[in-house]
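Peer 1: Sequence:
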Amino acid sequence: MVKQCPECRLFCERIDGCNHMECPCGAEFCYVCGKPFFGDRSNHYVCSTDVTVRVDLFDVPKVAFNKLSLAMFEECVRLRQAREGHQLHILRKHLTRILHHDYDEVYRILQLYCAACESLELGVLGSHLFRRQMRHVEDNNTLMKATVVSSSISGLLLRLRFFVRDLLRKSQVTSTKRTALIELKLRMESCLREYLLEASKGAKIPVLTTV
353 MVKQCPECRL
363 FCERIDGCNH
373 MECPCGAEFC
383 YVCGKPFFGD
393 RSNHYVCSTD
403 VTVRVDLFDV
413 PKVAFNKLSL
423 AMFEECVRLR
433 QAREGHQLHI
443 LRKHLTRILH
453 HDYDEVYRIL
463 QLYCAACESL
473 ELGVLGSHLF
483 RRQMRHVEDN
493 NTLMKATVVS
503 SSISGLLLRL
513 RFFVRDLLRK
523 SQVTSTKRTA
533 LIELKLRMES
543 CLREYLLEAS
553 KGAKIPVLTT
563 V
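In this text, residue positions in the sequence shown follow the numbering used here: the first is 353, and each later residue adds one.
Because the hints were derived from the structure by calculation, they are not lab data. Every residue, glycine too, gets a C-beta built ideally from N, C-alpha and C. Hints should not be assumed to be uniformly reliable.
[Unchecked claim] Simulated crosslink set (BS3-like; lysine-lysine; CA at most 27 Å straight-line):
1) K553 x K497
2) K445 x K529
3) K445 x K387
[As the list claims (entries may be wrong)] Simulated DEER-style distance windows between Cβ atoms:
4) T401 x F425: 32 to 40 Å
5) H438 x R487: 36 to 44 Å
6) E359 x L538: 47 to 55 Å
7) A423 x R521: 18 to 26 Å
8) Y397 x E535: 26 to 34 Å
9) N492 x G391: 40 to 48 Å
10) Q439 x T499: 31 to 39 Å
11) G437 x D491: 41 to 49 Å
Construct the entire structure; sequences and hints are all you get.
Peer 2: Next comes the structure, spelled out in structure tokens:
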């Protein structure tokens, strides 16, 4: 079961803890009902108005199966598998050791890791389809804007991928310090926010919807 941020629409999954969710975009909302956590007088810690979003685990090929290369499809699958239960359990174990059982910080990093992997999966697919749409754009101004945004998004996805791999690598090294992990988390959060901002710009560019 996953829930969607009411601000940036990013999907997230709760591993454990209370209903208070903090999205990488900065929004704070109730995991059960999806409303702003501090937006009214409701006690969202005991919220019972459950609102769910059903997501097919094999939804990637249904989006544009005949338009994806095998390599791209396999990359999307790898990113999907990277945030499955077994992988998260291993990462949680390493983070708990490095962070000296600071479970709140472990939870925040796991949430960030899952959000980054999901953004990479959707970003890889979205960038590919966006570039296909650009081939049909005839207006030079629109094409220029689309090219700039596409280039920026590609660069941010590369950085985000690097941070995800660096997190996994550092978490497996016994000599990794807590301060190094926290610094990496902050850089990863900043990159994810930048990516979400650029992706929202790309969604506003009027390109053809037929690819």
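Peer 1: For every hint, state whether the structure bears it out.
Peer 2: Hints and how they fare:
no.: 1; hint: K553 x K497; verdict: holds, 10 Å
no.: 2; hint: K445 x K529; verdict: holds, 15 Å
no.: 3; hint: K445 x K387; verdict: violated, 32 Å
no.: 4; hint: T401 x F425: 32 to 40 Å; verdict: holds, 37 Å
no.: 5; hint: H438 x R487: 36 to 44 Å; verdict: holds, 40 Å
no.: 6; hint: E359 x L538: 47 to 55 Å; verdict: violated, 20 Å
no.: 7; hint: A423 x R521: 18 to 26 Å; verdict: holds, 23 Å
no.: 8; hint: Y397 x E535: 26 to 34 Å; verdict: holds, 32 Å
no.: 9; hint: N492 x G391: 40 to 48 Å; verdict: holds, 44 Å
no.: 10; hint: Q439 x T499: 31 to 39 Å; verdict: holds, 35 Å
no.: 11; hint: G437 x D491: 41 to 49 Å; verdict: holds, 47 Å
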